[in-house]
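Asks: Letter by letter, the chains look like this.
Number of protein chains: 2
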Amino acid sequence: MLFSSITKFIRSKAYSRLWNLTKKVHAADIAAVMARLFPNERITLFQVIYSHDVEKAADVLAELEPDIAADLLIKAQLSPREMVEIFRHIDSDDLVSILDHLPEDVSEKVRSLMAPKRSEEVRELLAYGEETAGHIMSTDFYVLHQDTTVSDAITAIQLSREVESGFYLYVVDDEGKLVGVVSLKQLILNPPSTKLKDIMNPHVISATVDMDQEEVARMVSAYNLVAIPVVDHEGKLKGVITVDDIIDIIEEEAAENLLKMAGLEEVDRITTPPVKSIKRRLPWLYVNLITAAIVASVISLFKGTIQKYALIAAFMPITGLVGNAGIQSIAVMVRELALGELTWENARKALFKEIAVAMGNALGLGIVVSILGYLTTGKPVIGLILFLVLVGDMFIAAVAGTLIPIIWKKIGLDPAFGPGTFLTMLTDAVGYLLLFGLATLLIGHLM
Amino acid sequence: MLFSSITKFIRSKAYSRLWNLTKKVHAADIAAVMARLFPNERITLFQVIYSHDVEKAADVLAELEPDIAADLLIKAQLSPREMVEIFRHIDSDDLVSILDHLPEDVSEKVRSLMAPKRSEEVRELLAYGEETAGHIMSTDFYVLHQDTTVSDAITAIQLSREVESGFYLYVVDDEGKLVGVVSLKQLILNPPSTKLKDIMNPHVISATVDMDQEEVARMVSAYNLVAIPVVDHEGKLKGVITVDDIIDIIEEEAAENLLKMAGLEEVDRITTPPVKSIKRRLPWLYVNLITAAIVASVISLFKGTIQKYALIAAFMPITGLVGNAGIQSIAVMVRELALGELTWENARKALFKEIAVAMGNALGLGIVVSILGYLTTGKPVIGLILFLVLVGDMFIAAVAGTLIPIIWKKIGLDPAFGPGTFLTMLTDAVGYLLLFGLATLLIGHLM
Numbered sequence: 001m002l003f004s005s006i007t008k009f010i011r012s013k014a015y016s017r018l019w020n021l022t023k024k025v026h027a028a029d030i031a032a033v034m035a036r037l038f039p040n041e042r043i044t045l046f047q048v049i050y051s052h053d054v055e056k057a058a059d060v061l062a063e064l065e066p067d068i069a070a071d072l073l074i075k076a077q078l079s080p081r082e083m084v085e086i087f088r089h090i091d092s093d094d095l096v097s098i099l100d101h102l103p104e105d106v107s108e109k110v111r112s113l114m115a116p117k118r119s120e121e122v123r124e125l126l127a128y129g130e131e132t133a134g135h136i137m138s139t140d141f142y143v144l145h146q147d148t149t150v151s152d153a154i155t156a157i158q159l160s161r162e163v164e165s166g167f168y169l170y171v172v173d174d175e176g177k178l179v180g181v182v183s184l185k186q187l188i189l190n191p192p193s194t195k196l197k198d199i200m201n202p203h204v205i206s207a208t209v210d211m212d213q214e215e216v217a218r219m220v221s222a223y224n225l226v227a228i229p230v231v232d233h234e235g236k237l238k239g240v241i242t243v244d245d246i247i248d249i250i251e252e253e254a255a256e257n258l259l260k261m262a263g264l265e266e267v268d269r270i271t272t273p274p275v276k277s278i279k280r281r282l283p284w285l286y287v288n289l290i291t292a293a294i295v296a297s298v299i300s301l302f303k304g305t306i307q308k309y310a311l312i313a314a315f316m317p318i319t320g321l322v323g324n325a326g327i328q329s330i331a332v333m334v335r336e337l338a339l340g341e342l343t344w345e346n347a348r349k350a351l352f353k354e355i356a357v358a359m360g361n362a363l364g365l366g367i368v369v370s371i372l373g374y375l376t377t378g379k380p381v382i383g384l385i386l387f388l389v390l391v392g393d394m395f396i397a398a399v400a401g402t403l404i405p406i407i408w409k410k411i412g413l414d415p416a417f418g419p420g421t422f423l424t425m426l427t428d429a430v431g432y433l434l435l436f437g438l439a440t441l442l443i444g445h446l447m
Numbered sequence: 001m002l003f004s005s006i007t008k009f010i011r012s013k014a015y016s017r018l019w020n021l022t023k024k025v026h027a028a029d030i031a032a033v034m035a036r037l038f039p040n041e042r043i044t045l046f047q048v049i050y051s052h053d054v055e056k057a058a059d060v061l062a063e064l065e066p067d068i069a070a071d072l073l074i075k076a077q078l079s080p081r082e083m084v085e086i087f088r089h090i091d092s093d094d095l096v097s098i099l100d101h102l103p104e105d106v107s108e109k110v111r112s113l114m115a116p117k118r119s120e121e122v123r124e125l126l127a128y129g130e131e132t133a134g135h136i137m138s139t140d141f142y143v144l145h146q147d148t149t150v151s152d153a154i155t156a157i158q159l160s161r162e163v164e165s166g167f168y169l170y171v172v173d174d175e176g177k178l179v180g181v182v183s184l185k186q187l188i189l190n191p192p193s194t195k196l197k198d199i200m201n202p203h204v205i206s207a208t209v210d211m212d213q214e215e216v217a218r219m220v221s222a223y224n225l226v227a228i229p230v231v232d233h234e235g236k237l238k239g240v241i242t243v244d245d246i247i248d249i250i251e252e253e254a255a256e257n258l259l260k261m262a263g264l265e266e267v268d269r270i271t272t273p274p275v276k277s278i279k280r281r282l283p284w285l286y287v288n289l290i291t292a293a294i295v296a297s298v299i300s301l302f303k304g305t306i307q308k309y310a311l312i313a314a315f316m317p318i319t320g321l322v323g324n325a326g327i328q329s330i331a332v333m334v335r336e337l338a339l340g341e342l343t344w345e346n347a348r349k350a351l352f353k354e355i356a357v358a359m360g361n362a363l364g365l366g367i368v369v370s371i372l373g374y375l376t377t378g379k380p381v382i383g384l385i386l387f388l389v390l391v392g393d394m395f396i397a398a399v400a401g402t403l404i405p406i407i408w409k410k411i412g413l414d415p416a417f418g419p420g421t422f423l424t425m426l427t428d429a430v431g432y433l434l435l436f437g438l439a440t441l442l443i444g445h446l447m
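For the record, the sequence lines run as chains A and B.
The first sequence: position 230 = 230 (the numbering used here), numbered continuously.
The second sequence: position 266 = 266 (the numbering used here), numbered continuously.
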């Protein structure tokens, strides 16, 4: 409803009505609508909001996917100075992800125009590798010395500005090392003269600046945290990552895995321009072309058999079935690898399990397929051939479906991207070898 | 390291060393190890913990996936009375998800043995449909009347026991209707005599009891919340869902989507017994068998052409390529549908975009494939046929890849489960029709 009203106002150029509508709507909802708009409409909406209220425009930018936000700033032709003005209203962690997606020269220009303190803060975050805890952490948090009293802590919070991760107060020693955490509830529940070190929880779970963001997400998820402090290698507190950013990471990773399983390494959207989408999808299709050519060469080995007994070609789709069974194995392995529940150590057990499942499925399918093969051709030998193809090829599918993702991960590749294609190449090639090979051997019984 | 120590102690039956190790470890870490253990080892570990410390055993159960936890309780042969004793230490929301996975008779027996108040609370949660906000909410939260003063609120919190969602205090009117929310920080920052209604945020984002859990997750994610109150249809506050449960829902949904895309409707793990896995995977393979049979019947129409010109069969893997391009479209649509960014209204734009991308890819692939076809056979007409097959079949792949997931969703099916198989059936069938059909028409030029 919001979406249709907004598009209607944009198309009819009813900009003041557009602003009257959007000014009352939560920035997250505007961002959700923007994500569904096509680029030119998105720019119009942004410009309308920006011309009325810079802070609202900033809120919307912070809620957008950072690549969309950066693209919007460029397409809306904001000058670096205007960007700096908007960025004043954006938290450092969100700002860093937008800067990541701006062209290098624009990003540099913008940073040179920022207040020195802000610029330095952003420079530090940008210096940590992308997708590390240091890169995505916020530098906005409550931190106090361990000798502070509860009443001084309350005063400090009263005097400080609103911070993003305001449920906890982090406690440090003389050297700035993280030594504990105090919840705001504990401040309420304890006498004013108590020192923080006497009420803090010293067993604080923290991440290190160079930790991979997905590892941090796993920690927050496993320990049910709402924020996790980030320390450097000396244990000094450098920042905090809040759970809303963790949710973004988990959702991003999930979306990436889904797209990767389908052979898309980069996020592709319905609003991505076609030429960009082609650039993202075509390379993978060329890899598929190579595997298809390998399978084609296997088929062409059996030209003679096909010529003599053309109907055997009708049974070729059986390998697709086996390929899908192998993809099931891969999906299970990819999930277990992502959860950290499958390692090189228990791979052997996983392999035996998958082989057992494959043999069960081969039996279940094989009986039906052989009967169908016999009934449609009238030749029992066809039933036998199909049964053997299924058993042999399902065995290969189980072994490849288990081991390819594990090996992929072991050599540092992403198990969600690639294994499916190599598996189906293998199951097609082995399947056709078995189908046509057995047919060649038994050709006398077929004719 | 923890995993290998634990398995070593289990295998060598060193149970007191096992307890000494596990008693110092966070329940979440023990649960993570348990998820990787095979059922008999998992039972042993659980029994060792349970025999020493019921509360720790309860913490571990609450951290496990609920189906694994329920299975463990049954396999460890705990009596309903023993289960009730453990459940006393588990929050009502976690308890409900475990009860969901216990056999109906055991669940009933357990509930009949619980304290009446607890039993009633659990009965109410269970009464809401599975996967709704009401079913998964916690009934542990701070709630106070709007006329309460800050100092009385602080006293109330001091007197109440620790609650799971303790960052906010929910404010209700005389009828128990949710009217606002106060953060604990606001209690600190405001004078003791202030009434909650004067400091509360009245724009509180809430879920309703019958809202789908994934819808709730989307709200928490979009608005960056750490907890969301749940109200009934009269606006009365019934419970709270905390962000850690939301993360579980998001992760579960992501895992399910990944598995569904691969044709697995239920979660399957490497520790799932093979017979259960076969039951989960085989039905889908039978569906695949039907689609394979349809494709086989298309091929068998062209027996004559294949007999006359067997080499054409070698080009059959080309349809696999097209199928993969279609799967790319499906993955993009499934993601956009999940994010709510693709609807029936903008489906037309998505379709045009996908067709444009498909034609670009068909051109990019077609040139290479026709040259390869010409070079390997020496016949230009083969190049022409392959080019036409690619263009025609890629068009079908784009249309099917866009529309099948949208139609699937429109008629209430899950767009992640099924469309892939129907798409590849279509691209195979159309691809073979085009390949063999054109070959039949042009057979004179081929021989």
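Simulated from the structure, these hints should not be mistaken for laboratory data.
Treat the hints with care, as some may be off.
Put simply, identical chains are the same to the list, so a pair is met inside one copy or across any two.
[Claimed, not checked] Below, computed lysine-lysine pairings styled on BS3-like, alpha-carbon distance capped at 30 Å:
| hint | residue 1 | residue 2 |
| --- | --- | --- |
| 1 | 177 | 23 |
| 2 | 23 | 349 |
| 3 | 197 | 24 |
| 4 | 195 | 109 |
| 5 | 75 | 349 |
| 6 | 13 | 349 |
| 7 | 13 | 75 |
| 8 | 236 | 409 |
| 9 | 197 | 56 |
| 10 | 8 | 349 |
| 11 | 410 | 109 |
| 12 | 177 | 24 |
| 13 | 197 | 279 |
| 14 | 410 | 8 |
| 15 | 8 | 75 |
| 16 | 195 | 379 |
| 17 | 409 | 349 |
| 18 | 24 | 195 |
| 19 | 379 | 308 |
On a predicted model such as this, the values are computed, not experimentally measured, just so you know.
Asks: Would you mind marking each hint as holding or not holding in the structure?
Replies: Each hint tested on the structure:
no.: 1; hint: 177 x 23; result: between (43 Å within a copy, 28 Å between copies)
no.: 2; hint: 23 x 349; result: between (58 Å within a copy, 28 Å between copies)
no.: 3; hint: 197 x 24; result: between (44 Å within a copy, 22 Å between copies)
no.: 4; hint: 195 x 109; result: neither (46 Å within a copy, 49 Å between copies)
no.: 5; hint: 75 x 349; result: between (53 Å within a copy, 21 Å between copies)
no.: 6; hint: 13 x 349; result: between (64 Å within a copy, 21 Å between copies)
no.: 7; hint: 13 x 75; result: within (19 Å within a copy, 66 Å between copies)
no.: 8; hint: 236 x 409; result: neither (32 Å within a copy, 50 Å between copies)
no.: 9; hint: 197 x 56; result: between (40 Å within a copy, 27 Å between copies)
no.: 10; hint: 8 x 349; result: between (58 Å within a copy, 16 Å between copies)
no.: 11; hint: 410 x 109; result: neither (41 Å within a copy, 48 Å between copies)
no.: 12; hint: 177 x 24; result: between (43 Å within a copy, 24 Å between copies)
no.: 13; hint: 197 x 279; result: neither (56 Å within a copy, 56 Å between copies)
no.: 14; hint: 410 x 8; result: between (52 Å within a copy, 24 Å between copies)
no.: 15; hint: 8 x 75; result: within (22 Å within a copy, 60 Å between copies)
no.: 16; hint: 195 x 379; result: neither (88 Å within a copy, 88 Å between copies)
no.: 17; hint: 409 x 349; result: within (17 Å within a copy, 38 Å between copies)
no.: 18; hint: 24 x 195; result: between (44 Å within a copy, 27 Å between copies)
no.: 19; hint: 379 x 308; result: both (16 Å within a copy, 23 Å between copies)
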